[in-house]
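The lines below spell out each chain.
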Amino acid sequence: MTDLTRLPAADLADLLTRREVSSVEATRASLDRIAAAEGDLHAFLHVAGDAALKRASEIDQLRADGHDLGPLAGVPVAIKDVLCTKDMPSTAGSRILEGWVPPYDATVVARLRSAGLVPLGKTNMDEFAMGSSTEHSAYGPTHNPWDLDRIPGGSGGGSAAAVAAFEAPFALGSDTGGSIRQPAAVTGTVGMKPTYGGVSRYGAIALASSLDQVGPVSRTVLDSALLHDVIGGHDPHDSTSLEDVWPSFADAARAGASNLALSGLRVGVVRELHGEGFQAGVRQRFDEALALLAAAGAEIVEVSAPHFEYAIAAYYLILPAEASSNLAKYDSVRFGLRVTPEGGGTVEQVMSATREAGFGPEVKRRIILGTYALSAGYYDAYYGSAQKVRTLIQRDFDAAFSQVDVLVTPSAPTTAFKLGDKIDDPLAMYLNDITTIPANLAGIPGMGLPIGLAPEDGLPVGIQLMAPAREDARLYKVGATLEALLHDTWGHPLLDLLPADFGRSRAGATGHASPAHLVPPPGPGTEPDGGTA
Amino acid sequence: MPDESPSITADQVQHLANLARIALTPAEIEHLAVELGSIVESVRKVTEVATPDVPATSHPIPLTNIFRADVVGDTLTNEQALSGAPEAFDGRFRVSAILGEEQ
Amino acid sequence: MRYSISLGLALGCSIAESSRFARKNYFYPDLAKNYQISQYDEPIAFEGEVEVELDDGTLVRIPIERAHMEEDAGKLTHVGGATGRIQGAEYSLVDYNRAGVPLVEIVTKPIFGAEHRAPELARAYVGTIRDIVRSLGVSDARMERGNLRCDANVSLRPRGQEKLGTRTETKNVNSLRSVERAVRYEIQRQAAILAGGGTIIQETRHWHEDTGTTSAGRPKSDADDYRYFPEPDLLPVVPSKELIAELRAALPESPAVFRRRLQTEYGFTDGEFRDILNANLLVEMEQTVAAGAAPAQARKWWLGEILRIANARGVEAGTLISPFHVSELIALVESGRLTDRLGRQVLEGVVAGEGSPDEVVKARGLAVVSDDAALLAAIDEALASQPDVLAKIRDGKVQAAGAVIGAVMKAMRGQADAARVRELVLERAQG
Numbered sequence: 001m002t003d004l005t006r007l008p009a010a011d012l013a014d015l016l017t018r019r020e021v022s023s024v025e026a027t028r029a030s031l032d033r034i035a036a037a038e039g040d041l042h043a044f045l046h047v048a049g050d051a052a053l054k055r056a057s058e059i060d061q062l063r064a065d066g067h068d069l070g071p072l073a074g075v076p077v078a079i080k081d082v083l084c085t086k087d088m089p090s091t092a093g094s095r096i097l098e099g100w101v102p103p104y105d106a107t108v109v110a111r112l113r114s115a116g117l118v119p120l121g122k123t124n125m126d127e128f129a130m131g132s133s134t135e136h137s138a139y140g141p142t143h144n145p146w147d148l149d150r151i152p153g154g155s156g157g158g159s160a161a162a163v164a165a166f167e168a169p170f171a172l173g174s175d176t177g178g179s180i181r182q183p184a185a186v187t188g189t190v191g192m193k194p195t196y197g198g199v200s201r202y203g204a205i206a207l208a209s210s211l212d213q214v215g216p217v218s219r220t221v222l223d224s225a226l227l228h229d230v231i232g233g234h235d236p237h238d239s240t241s242l243e244d245v246w247p248s249f250a251d252a253a254r255a256g257a258s259n260l261a262l263s264g265l266r267v268g269v270v271r272e273l274h275g276e277g278f279q280a281g282v283r284q285r286f287d288e289a290l291a292l293l294a295a296a297g298a299e300i301v302e303v304s305a306p307h308f309e310y311a312i313a314a315y316y317l318i319l320p321a322e323a324s325s326n327l328a329k330y331d332s333v334r335f336g337l338r339v340t341p342e343g344g345g346t347v348e349q350v351m352s353a354t355r356e357a358g359f360g361p362e363v364k365r366r367i368i369l370g371t372y373a374l375s376a377g378y379y380d381a382y383y384g385s386a387q388k389v390r391t392l393i394q395r396d397f398d399a400a401f402s403q404v405d406v407l408v409t410p411s412a413p414t415t416a417f418k419l420g421d422k423i424d425d426p427l428a429m430y431l432n433d434i435t436t437i438p439a440n441l442a443g444i445p446g447m448g449l450p451i452g453l454a455p456e457d458g459l460p461v462g463i464q465l466m467a468p469a470r471e472d473a474r475l476y477k478v479g480a481t482l483e484a485l486l487h488d489t490w491g492h493p494l495l496d497l498l499p500a501d502f503g504r505s506r507a508g509a510t511g512h513a514s515p516a517h518l519v520p521p522p523g524p525g526t527e528p529d530g531g532t533a
Numbered sequence: 001m002p003d004e005s006p007s008i009t010a011d012q013v014q015h016l017a018n019l020a021r022i023a024l025t026p027a028e029i030e031h032l033a034v035e036l037g038s039i040v041e042s043v044r045k046v047t048e049v050a051t052p053d054v055p056a057t058s059h060p061i062p063l064t065n066i067f068r069a070d071v072v073g074d075t076l077t078n079e080q081a082l083s084g085a086p087e088a089f090d091g092r093f094r095v096s097a098i099l100g101e102e103q
Numbered sequence: 001m002r003y004s005i006s007l008g009l010a011l012g013c014s015i016a017e018s019s020r021f022a023r024k025n026y027f028y029p030d031l032a033k034n035y036q037i038s039q040y041d042e043p044i045a046f047e048g049e050v051e052v053e054l055d056d057g058t059l060v061r062i063p064i065e066r067a068h069m070e071e072d073a074g075k076l077t078h079v080g081g082a083t084g085r086i087q088g089a090e091y092s093l094v095d096y097n098r099a100g101v102p103l104v105e106i107v108t109k110p111i112f113g114a115e116h117r118a119p120e121l122a123r124a125y126v127g128t129i130r131d132i133v134r135s136l137g138v139s140d141a142r143m144e145r146g147n148l149r150c151d152a153n154v155s156l157r158p159r160g161q162e163k164l165g166t167r168t169e170t171k172n173v174n175s176l177r178s179v180e181r182a183v184r185y186e187i188q189r190q191a192a193i194l195a196g197g198g199t200i201i202q203e204t205r206h207w208h209e210d211t212g213t214t215s216a217g218r219p220k221s222d223a224d225d226y227r228y229f230p231e232p233d234l235l236p237v238v239p240s241k242e243l244i245a246e247l248r249a250a251l252p253e254s255p256a257v258f259r260r261r262l263q264t265e266y267g268f269t270d271g272e273f274r275d276i277l278n279a280n281l282l283v284e285m286e287q288t289v290a291a292g293a294a295p296a297q298a299r300k301w302w303l304g305e306i307l308r309i310a311n312a313r314g315v316e317a318g319t320l321i322s323p324f325h326v327s328e329l330i331a332l333v334e335s336g337r338l339t340d341r342l343g344r345q346v347l348e349g350v351v352a353g354e355g356s357p358d359e360v361v362k363a364r365g366l367a368v369v370s371d372d373a374a375l376l377a378a379i380d381e382a383l384a385s386q387p388d389v390l391a392k393i394r395d396g397k398v399q400a401a402g403a404v405i406g407a408v409m410k411a412m413r414g415q416a417d418a419a420r421v422r423e424l425v426l427e428r429a430q431g
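For the record, the sequence lines run as chains H, E and X.
Here the first sequence is numbered in UniProt numbering, starting from 1 and rising by one per residue.
Here the second sequence is numbered in UniProt numbering, starting from 1 and rising by one per residue.
Here the third sequence is numbered in UniProt numbering, starting from 1 and rising by one per residue.
Bound-form chain H, shown alone (with noise of 0.2 Å):
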C-alpha cells in the first residue's frame, strides 16, 4: 500500500477526489508520522490530532454526500504558530504568548478550513520570526530531518522540517527576509513569498508590517501553487493587500511541468550574489542548475545590483524598527503572559516585568536596536537611510528586470550549519539573509526550491527565482520547468535521498554528537495528540 505522506499534496488531493482514499485516512497517516519523528524533530508546537480527524471526517462526509469540494478538500496541512488560529494556540514561538488562544482566525487559515483542508497544527518557528534557525524558539529547536545536529532553517524551520520529513504533505510559512525561502533551501522543500500584498496578512503576527508576507512551504512546486491559489487574493481587512486578479498558480505550475523547452526565457545572474562567500557545494549546484536551465533554451544573463550590499544594513534596520512598535501590544493588559514584580508594582512595572521575562534574547535586542534606530537624532541617519537604500534596491530590480524575465541566486550562502554554530553571533547569522532580504524590501516575489546536495556534506542546496511584483505565475511557470528538468535528471525527487535516521548515521560516522543528545527535552506542545498547555 502506498505510504500516504509521502505522496505530494496534489496526487494526495486527486486520490481523496476520487474516494479512493479518505481524508481520515490521510488525516491518520500525517498524525501517525508526526507520532514517530516528533521525538527527533520537535517541528510542532501544537498538534491538534482529534480535532483534525474530527474535521476530515467532515470532509468525508460530505463528499460522500455527493458535495462538490475545493480541489484540496481533505489534505492535511501544517500552519505556522505565526499565524492566528482560533482553535488552537498561536504563540509564534514566544514566551509571552504562551496558550493563548486568538478569538480569531487569520484570514489566509479560515480560507484553509474553507477550502476544506485539514489543519494539523502548529509548527515551530524563532520566536516572533526573528531569526534564521529556529533556535530563538522559546520552545526548543527544530532539528534538521537530513541531519538532526543541523539548524533546519528558520525563521519557518518547523513548518519546513515537518513537510521535508513527510509530517505534512505542505504548510503555510511566512517570509519577512527569508524565512520561507532558507528553511526550505536547507531542507530540500520548495518555498514560496509571494508578492507584498499578494496573500493577506490580517491574522499573521507581525513582524515587520512592511516585509511580511504569507506563503505556501511543500515539496513541489506545484503543491506550493496549489495553496497560493488557496490562500491568495485580496482581503478588506489588510489595507496594503492588492485587488489584483490573479491567476491560476495551478495552472502555471503545470504549464511549467508539461512544456519543458525555455526558449526565449531570460535568466538573470545577481553578480553580486554568486561566487564568494558562498560555500563551493552551493556555487556548483547553482551552476549546474543554471547550466541545465541554458540546455533547455534560456539565455543566462549576468546582471548587477550596486546596491544589494546594503540590504542586509537597511534590513536590519528597518526590520527592529517596525518590529520595535509592533511588538509594543504584548504589555500585559489585552492577553498573554503577566508578570507582577515582587510586592506587586505599577502597570508600568508590570509591564516591563512581563517583556523582561516573556522576550528571548534575540527579541530583546531587535527591540532596543529598533528603538535606537526611530529615536530622535538618529531616525534620519538610520530608519530614514535606510528607507533611501530601500529605493535603491527597487531601482537595482527595475534594471535588471528590464534585462531579463526572472532573476536566480542561491537560496542560501551555505547548507544547512550546525546547531549552537551561530546563536551567539547575531550578525554572522544576519548574514544568511543575504539573498533572501533583497526580495523582502522590493516587494517582489521570490521562490525557493531545492537542486541538490552539495557534494561535500550531502546536504541539500537550493535556488532562488524572483520576479517583477506580480509575476508570482512566472515564478511557479520556470520554477516547475526546473524542478522537472531536475527529477528527469535525478530519476526522482530530492527528498527521496532523505535519510530514514535523518542522518543519525551519518552523525556517527563523522563523529558528531550522538544521537541521544539531539533529542529534544519533552516539553508542552510536542504531545502528538494532547497540544500544547
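Among the clues, some could well be false.
[Stated by the list, open to error] When the alpha-carbon atoms are kept at most 25 Å apart in a straight line, the in silico SDA-like pairs for lysine to any residue are as follows:
1. Lys329/H with Thr269/X
2. Lys86/H with Ala51/H
3. Lys329/H with Ile29/E
The hints are simulated quantities; they were obtained by calculation from the structure and are not laboratory data.
Dock chains E and X against the given chain H, drawing on the hints supplied.
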C-alpha cells in the same frame, strides 16, 4: 549620529529599555551595549548611499487611497475580546495602578 | 477622510496633495497597540484661519497651524482612589470600545496680543470650532461628552520681549466656560510666578472644575521620544482635486455668515441676538425654527425655561432637549392644546427623559380642558358659591370675574385656557 563613533553606552541602553518597557538586568544591559555597538557599526553603512536626492520607500508596493465604507464590520464580542486577558473585571481589562499620565 | 477634508476646508486650510499616517510610539494602557496612529509630517490640512467673534462683536482672526487625523485611545476608569483620579487609585479598568475611532486634532499657531481678552478669546475660538464641527455634521461636538476636547496652551511674554515665554498645556477642560476660566487661572498663576521672579516649568497641567484651579501634571522631558515613523499598515491618502472641489462646494456657510443671516431672517435686535450667542444656542435656534417654530417663540423657550433648567443643573441648554422637541412643544402651545404653564410641565417631562412632548402630554394627561360643558359646569358652581360676584359683573364691574376665573382654573387643575374661561364666565353672567 553617523559621524561620531556609533558605540553605545550602558546608559543609552537603559534609556532605550525604558522606552521599550523592558526591565533588562544590569548584565543584559552591559551585554547589549557591546552587541548593539557592533551591529550599529555594521548597519550604519546605509548612510554611504542614502543621499538627499534619493526618496524614501515606506511601502514596497505603492498604493494610495485604500478605504472602506464607514460601517460596522466584523467585531469581537465582549467575551471574545476579554478571553485572553490576564485579568478582567466588569467587562473591562483590569490593570494595576497607573503611575504615568495620559499623553 | 471626507469629514477631515471638509473640516480642513472650513478652517480655511490647504489640503495636502498627499497625506500619510505615522505611528506615535509610547506605552500607556489606554492604547491597545501601545502606539497611536496619528499624522506627523504630512497632515491632511494645514495653514488656515478662522474668524472668531468676541462678545462685543469684535472679530479676531485665529491662525491655524494644521489639522491632522489620529485615532482615539480607550477609556480608563481609576478605582479605589478617593477621588476617582489616577493618584491613589488601587487599580484601573480599560475599555477599548472608543479606541481606534478617528478624530481630528486642530492646532492653532500662537495667538499674540489677546492680552486681557485671551480667556474670552479662547472660549470664543473653541465655541467657533464647535459651531463649525456641528454645522458640518461631523460630530455633535459636546464637550461634556468628550466629542470635543481642548488642550489650552498658555504662555506669557513681558512687553518688549521677543522670545515667547515658557508655555503650559492645560488638559481636562470640559466646557466652553471652563476654557475661559482655565485660561484665566493659568494666566494669573503664571503672572504671579513671573512677578515673583520665578520661572515657569514646561508641563502638562490639569484643570479642576470644582476648585477652579490647575494642578501640575507630567513635566515635558527628554524622555518623551515618540519615535514617529510612517505607519506601514496604512497607505497614503491622495485626495483628488475633484473630491476637494466637491467637498468645498458642499461646505455650509461659515459661522460668522450664518450668524449674520439668521439675525436678519429672525429680525432680532443686536441685544436679542447677542443673548442667543452668549447662551451658545444659535444652532439649536436655527434647528428649532427649521422644524417649524416662530423665531420669537423659539427664542422665548430656549432663553427662558430651558436655559433656567440648564443653569440650575450646571449643564449646557443644548444637552437637555432636542430642537425638534422644542418645536413640537411650541406647536402644542400655539395650537392652544397647552397653556404656557402646562408647556413648562411638558418640558420638564421631556427633560426627564419621558419621551417626546406628545408622549409626555399623553402620559401625564396634561392637555387643556377644551370641553365647554365641563367648563360651564365648573363656572356655574363657582358663580353659585359667589353670588355677589355675579351681581358685580352684571353691574358692569367686569374685573370682578377674576375671582370666578381663578376658582374655575383651580377646579380644572390649571388645565384650561383662561381666556376661554373668561369668555364663558362673561356669557353666563349676561345670560
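Right, here's what the structure says about each hint:
| no. | hint | result |
| --- | --- | --- |
| 1 | Lys329/H with Thr269/X | 59 Å, violated |
| 2 | Lys86/H with Ala51/H | 12 Å, holds |
| 3 | Lys329/H with Ile29/E | 22 Å, holds |
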